[in-house]
Amino acid sequence: MTVVAQESGTLEAIQRPRSVFQRNANLVRELSITSFKLKYTGSALGYVWSLIKPLMLFGIMFLVFSILLRVGKGDTDFPVQLLIAIVAWTFFTEATATAMNAVAGNGDLIRKAYFPRWILVVASTTSALLTFAINTTLVLMVTFALGDLHLTLRSLFVPLFYLELIVLVLGLSLLLSSLFVFFRDLGHIWEIVSLVLFYGSGVVFPFMLIKSQTLLDLAGLNPVAQIIQDLRYSLVVSSPLNHSMVSLIGALEVVPIMLSVTLFGVGFLVFNKLTPKFAESL
Amino acid sequence: MNPVVEVSHLRKRFRLPLDKSNTLKYRVTHLRSSSRYRDLVALNDISFDIPSGQFLGIAGPNGCGKSTLLKILCRIYKADSGYARVNGEFSAFLELGVGFNPELTARENIFLGGAMLGLTRAQLRDKVDEVLAFAELEEFAEQKLKNFSSGMQVRLAFSVAILGQTDLLVMDEVLAVGDASFQEKCFDTFNRYKREGKTIVLVSHNLASLEEYCDRVLLLNHGAIVADGPAAEVAATYHRMVADHALALERDIPVELSQGDPRRSPAVGFESVGLLNGSGQNTRRFDTGGEMTLDMNLRVHRTVGDFVCGVAIRRADGLLLSGTNTLLDNVTISGQLAGDTVSVRYTIDSLPLLAGGYLVQVSVHDVGGSDIYDWIDPAATFHINDLGDGHQGLLELRGRWQVEHETEDVLVRSARQ
Numbered sequence: 027m028t029v030v031a032q033e034s035g036t037l038e039a040i041q042r043p044r045s046v047f048q049r050n051a052n053l054v055r056e057l058s059i060t061s062f063k064l065k066y067t068g069s070a071l072g073y074v075w076s077l078i079k080p081l082m083l084f085g086i087m088f089l090v091f092s093i094l095l096r097v098g099k100g101d102t103d104f105p106v107q108l109l110i111a112i113v114a115w116t117f118f119t120e121a122t123a124t125a126m127n128a129v130a131g132n133g134d135l136i137r138k139a140y141f142p143r144w145i146l147v148v149a150s151t152t153s154a155l156l157t158f159a160i161n162t163t164l165v166l167m168v169t170f171a172l173g174d175l176h177l178t179l180r181s182l183f184v185p186l187f188y189l190e191l192i193v194l195v196l197g198l199s200l201l202l203s204s205l206f207v208f209f210r211d212l213g214h215i216w217e218i219v220s221l222v223l224f225y226g227s228g229v230v231f232p233f234m235l236i237k238s239q240t241l242l243d244l245a246g247l248n249p250v251a252q253i254i255q256d257l258r259y260s261l262v263v264s265s266p267l268n269h270s271m272v273s274l275i276g277a278l279e280v281v282p283i284m285l286s287v288t289l290f291g292v293g294f295l296v297f298n299k300l301t302p303k304f305a306e307s308l
Numbered sequence: 052m053n054p055v056v057e058v059s060h061l062r063k064r065f066r067l068p069l070d071k072s073n074t075l076k077y078r079v080t081h082l083r084s085s086s087r088y089r090d091l092v093a094l095n096d097i098s099f100d101i102p103s104g105q106f107l108g109i110a111g112p113n114g115c116g117k118s119t120l121l122k123i124l125c126r127i128y129k130a131d132s133g134y135a136r137v138n139g140e141f142s143a144f145l146e147l148g149v150g151f152n153p154e155l156t157a158r159e160n161i162f163l164g165g166a167m168l169g170l171t172r173a174q175l176r177d178k179v180d181e182v183l184a185f186a187e188l189e190e191f192a193e194q195k196l197k198n199f200s201s202g203m204q205v206r207l208a209f210s211v212a213i214l215g216q217t218d219l220l221v222m223d224e225v226l227a228v229g230d231a232s233f234q235e236k237c238f239d240t241f242n243r244y245k246r247e248g249k250t251i252v253l254v255s256h257n258l259a260s261l262e263e264y265c266d267r268v269l270l271l272n273h274g275a276i277v278a279d280g281p282a283a284e285v286a287a288t289y290h291r292m293v294a295d296h297a298l299a300l301e302r303d304i305p306v307e308l309s310q311g312d313p314r315r316s317p318a319v320g321f322e323s324v325g326l327l328n329g330s331g332q333n334t335r336r337f338d339t340g341g342e343m344t345l346d347m348n349l350r351v352h353r354t355v356g357d358f359v360c361g362v363a364i365r366r367a368d369g370l371l372l373s374g375t376n377t378l379l380d381n382v383t384i385s386g387q388l389a390g391d392t393v394s395v396r397y398t399i400d401s402l403p404l405l406a407g408g409y410l411v412q413v414s415v416h417d418v419g420g421s422d423i424y425d426w427i428d429p430a431a432t433f434h435i436n437d438l439g440d441g442h443q444g445l446l447e448l449r450g451r452w453q454v455e456h457e458t459e460d461v462l463v464r465s466a467r468q
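Chains A and B, in that order, are what the protein sequence lines are.
For the first sequence, the residue numbers in the working numbering are 27 to 308.
For the second sequence, the residue numbers in the working numbering are 52 to 468.
Read the hints as simulated data drawn from the structure, not as lab findings.
Glycine included, every Cβ here is placed at the ideal spot set by N, Cα and C.
Just to be clear, a hint being listed does not mean it is correct.
Claimed, not checked - Simulated restraints on C-beta separations:
hint : chain 1 : residue 1 : chain 2 : residue 2 : range
1    : A       : Arg55     : B       : Ala287    : 32 to 38 Å
2    : B       : Tyr134    : A       : Ser220    : 38 to 44 Å
3    : A       : Asp134    : B       : Arg336    : 55 to 61 Å
4    : B       : Asn95     : A       : Leu64     : 41 to 47 Å
5    : B       : Glu235    : A       : Ala70     : 43 to 49 Å
6    : B       : Asp279    : A       : Glu38     : 31 to 37 Å
7    : A       : Glu38     : B       : Gly420    : 53 to 59 Å
8    : A       : Glu38     : B       : Ala287    : 38 to 44 Å
9    : A       : Val74     : B       : Pro102    : 57 to 63 Å
10   : A       : Leu64     : B       : Glu57     : 39 to 45 Å
11   : B       : Glu146    : A       : Glu38     : 43 to 49 Å
Use the sequences and the hints to build the structure in full.
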């Protein structure tokens with residue numbers, strides 16, 4: 027018998043962590059950090075772009091609506107309201123648009139490796155959330171330093187509204203990403219829906235400009251409008267043009283909040299229902 | 052002790068849409084035709100267990116369902132009915148480097164690939180240098196993956212893939228990659244896994260590599276297990292299956308094919324190709340060592356100069372066993388006038404082939420080889436009978452054995468003792 031050759035170096039395996047939660051959380055973190063990093067490598071200004079884009083949108087909207095059309099005149103805080111709304115809107119639209127492709131764009135991973143598929147969507151949302159968190163922090167710090175923020179007891183609700191926004195975005199992302207695998211027109215449809223939502227949610231004008239109570243009630247059912255309006259109300263001085271959603275639509279305020287939660291539930295169920303078909307369809 | 056893998060009555064069917072139906076336009080314009088599918092049964096009632104520590108091979112021709120089975124084991128596909136249960140942790144090597152990103156450095160990819168395996172950043176941090184050393188990529192730790200050669204990428208991917216502590220290793224023919232020294236490392240690792248009593252599933256269409264490693268081989272065909280046992284036994288079944296498949300392909304040469312195909316230069320075409328045994332009878336069955344004559348009739352459609360007739364014999368799976376032509380063998384077929392017929396015979400006095408199914412390919416072309424007049428593949432199929440003498444492989448080499456006994460010197464023998 028020949029002598030077995032000396033093994034050319036070995037690599038001992040590592041015991042995986044027992045907790046499935048720990049594994050999944052770690053994968054979400056790695057994937058979201060990667061896509062966050064990749065989004066900004068290679069461009070000279072890097073992260074600054076994700077700040078410039080909402081600022082440019084703010085600049086244009088401010089010029090058009092506030093200065094040319096004189097929307098929101100008599101409301102000295104309108105620019106701050108606009109800025110907060112635009113940062114939140116940018117998160118909503120970028121997160122949902124990116125998430126749309128979170129499953130369909132990772133066909134290779136899904137066909138070749140096993141891991142819970144929702145991780146792709148959560149990682150995509152987390153990546154957008156990172157940008158959003160940094161932008162929000164910057165905007166709030168600057169506006170606070172300039173004395174444009176009006177922090178009162180009602181500001182305590184702010185984290186809840188941000189939470190509602192995240193729940194809404196995650197629910198929509200689960201729904202969109204799973205449906206998009208089977209129905210590619212959804213990308214275009216969602217762009218149009220986003221455009222309607224942009225103007226229907228009062229991102230660029232005070233909600234109170236809607237004079238008809240029926241229209242106001244109708245528009246107020248939209249969770250994006252409710253979140254944006256309530257954020258403004260909770261952060262900026264109240265004025266004739268800045269009210270809480272409750273004072274505008276009364277008890278109906280329950281509807282958009284329930285809608286956010288329901289959309290999350292629906293997104294979760296649809297995603298789970300479609301998950302087994304992903305690998306075969308991509 | 053529980054088996055590591057339990058597979059019970061597994062069924063999987065794919066619905067292949069006949070039209071592209073995932074756009075709105077299609078749905079609107081084809082409202083009533085939403086059910087145009089073709090069903091493909093990939094797995095049909097598969098059941099087997101893998102006891103702990105077994106090295107199992109899964110083989111079968113393309114489309115037999117082996118990849119589907121593997122993907123169900125790895126929880127990538129969901130079975131229609133039945134179940135496949137893995138008791139313990141498993142690592143899947145369906146493809147190396149899944150989840151790697153070319154824009155990231157080697158170091159960053161180790162964290163990403165490790166996370167895909169379920170390992171945390173904290174666990175990997177202490178291991179990164181070791182992984183880089185094993186992959187022989189220490190100097191390239193901070194280089195982007197896209198700048199790596201494919202060999203370097205494979206080395207990194209393999210080194211990461213083996214990081215996860217595992218009870219079951221599932222592999223899909225990834226062994227054939229990388230340079231020789233790294234392959235050696237791979238085999239070292241797999242041998243180590245085997246020594247450590249790990250359960251391994253290796254899928255391959257190459258039975259030879261399975262014979263080398265596996266304790267047991269499953270042979271799949273048309274979504275069912277057709278053989279299950281020691282590798283050598285299953286290999287015999289497999290070769291019989293391939294031969295039967297070749298016989299099923301058997302057909303007479305359709306004359307219209309050689310005349311009517313406009314892609315062929317019509318100067319000379321085959322009219323018939325037949326196989327004759329030693330007694331001159333037309334047959335498809337031959338014996339090892341028997342005589343075989345390939346009888347070809349050619350018709351000249353247009354006046355040509357000298358031309359060449361070629362013959363090749365392939366194993367049923369396409370492997371070329373032998374090929375030659377009249378030019379190589381210094382035989383001249385002189386120029387002919389349109390309308391003439393030419394009979395060409397190629398005789399093998401003693402077939403050196405062992406039991407199995409084989410294909411014959413024939414061609415005619417000009418002396419320069421640039422103008423192919425006719426080319427038929429396969430033109431005929433034949434089968435070598437199993438003589439049951441136990442000879443293995445493809446060829447009968449007619450080797451001679453010689454054994455000599457020499458009585459050793461008594462002194463030398465006692466010295467040895």
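Quick rundown of the hints versus the structure:
no.: 1; hint: Arg55/A - Ala287/B: 32 to 38 Å; verdict: violated (52 Å)
no.: 2; hint: Tyr134/B - Ser220/A: 38 to 44 Å; verdict: holds (42 Å)
no.: 3; hint: Asp134/A - Arg336/B: 55 to 61 Å; verdict: violated (48 Å)
no.: 4; hint: Asn95/B - Leu64/A: 41 to 47 Å; verdict: holds (44 Å)
no.: 5; hint: Glu235/B - Ala70/A: 43 to 49 Å; verdict: holds (46 Å)
no.: 6; hint: Asp279/B - Glu38/A: 31 to 37 Å; verdict: holds (34 Å)
no.: 7; hint: Glu38/A - Gly420/B: 53 to 59 Å; verdict: holds (58 Å)
no.: 8; hint: Glu38/A - Ala287/B: 38 to 44 Å; verdict: holds (40 Å)
no.: 9; hint: Val74/A - Pro102/B: 57 to 63 Å; verdict: holds (60 Å)
no.: 10; hint: Leu64/A - Glu57/B: 39 to 45 Å; verdict: holds (41 Å)
no.: 11; hint: Glu146/B - Glu38/A: 43 to 49 Å; verdict: violated (24 Å)
When each numbered hint is compared with the structure, violations occur for hints 1, 3, 11.
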